[in-house]
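Q: Sequence:
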Amino acid sequence: MRTSDLFKLSLLNLSRRKSRTFLTVLGVIVGTACIVLMLSIGYSNYKQFSDMLTDNASLTQIQINDYSSSTSGRGGITDSTVQSIAAMEHVRAASPVIQIPVTIYSGIYEANAQVTGIDRTVLDLDFAKGEMFAEGGAMPVLVVGGDAVQQFVDPKNPPNYADYEEYSKYEPEIDWLGTELEMQFGYNMEDTGNAEIPTGSIYRASASGVTKKKQNQESNSIYMDLSIAKRMLMDNRELADYMGIPVNTYQQVIVRVDDMDNVQSVMDEIKKLGYETYSETEYISQMQEEQSRQQGQLFAIGLISLFVSAIGIANTMYASILERRRDIGIMKVVGMKIKKIRQLFLTESAVIGLLGGLIGLAVSYIVVLAINTGTEQTSFLGMYFSEGMKIEIPAWVALGAIGIAVLVGIISGVYPARKATKMSPLEAMRSGN
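Numbered per the working numbering, the sequence shown spans residues 937 to 1369.
Just so you know, these hints were derived from the structure itself, not from any lab.
As the structure is a computational prediction, the values presented were derived from the model and not from experiment.
Accuracy of the hints is not assured; some may be wrong.
[As the list claims (entries may be wrong)] Pairs of lysine-lysine, DSBU-like flavour, derived with a Cα cap of 30 Å:
#, residue 1, residue 2
1, Lys-1105, Lys-1065
2, Lys-1355, Lys-1276
3, Lys-1105, Lys-1326
4, Lys-1166, Lys-1207
5, Lys-1092, Lys-1065
Turn these sequences into a full structure, and let the hints steer you where they fit.
A: Here you go:
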């Protein structure tokens, strides 16, 4: 008996018991769909995480903090310290950071914002339009983060902050590259009646560029040249002192390293100087472990589903053998080899696995399409689904799922097939079935 004959006979035998075959195949469909979806979610989540690491320029960035300067007597980070750090091996650039609270006006819009004074050499921004600000200059020139533009609102008609979906789509109608801005040192707050609070200077300003929306620190920030920020502090020294902003020292420095692999060694050197450091690379290993754990959980869920379907296949095949004892006896009497009888039942169980695998894969593609085009995907998949992620079924998952389904079918049919080959021909024929 040829392999093609075994396949045709298997289909014929399965078609004789349509209801039982359908229910058994349905179990494999559910199991296959589960394992495909679980693996695809894990893969897509990990792929998004890997892409984020690849695109994240901040992985070569170190943030130095000196929060203890007020109690340590050190007095903050000085320019000479910054120069020493910039001279370290593997350091590409280092810049102090000055955070200046300002109120920015553009027509009907205004924003109470923190503008970051920084040297352009440590920034690695991805622009949606425009370009990086130039060094120096007579007036403040800003680079506005793509997500920071939402800070600009019309006080008379503010957006609905309570409605996240509505607010996430909000964007002020400002021609950033063609509009002159007005910037006042200090936040725009209602008059407290305290005459001792100095009034901040007002500056004409402009924007040289707007970054792409990336939902990260850079896209939520507004930057300006460090030298202009220093000049603004000196112009408003009395107000800066009142607000607790150091004028001649810094509490933060940004360091750009030449390669992510050298970040840790540079951090160790900086810590020897007595400063606290932070880099996103410190949390990469933890995030990778979490990704692996989630993928393991998702794979286990899929395997449990397939295990349940395997029990169904074994039960169906065992019941089929009991019903076909007479047929088995006749096959043995007419000289059909034990090997072929075993192959016949293993082929039947493999066909169940194959049918369930193919249909389950098709169902998976339909479910993925529905999720990717749906709006409630994040709440549906909870902690395993990153916001904005699209599920992708890789080829190895699709082919592997079908292979596993067939393998599960074959393994599930081993015991029933063995039972069939061990059956006595005379006993089987006497059974009357």
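Q: Find the hints from earlier in the document that the structure breaks and name them by number, from lowest to highest.
A: The structure breaks none of the hints.
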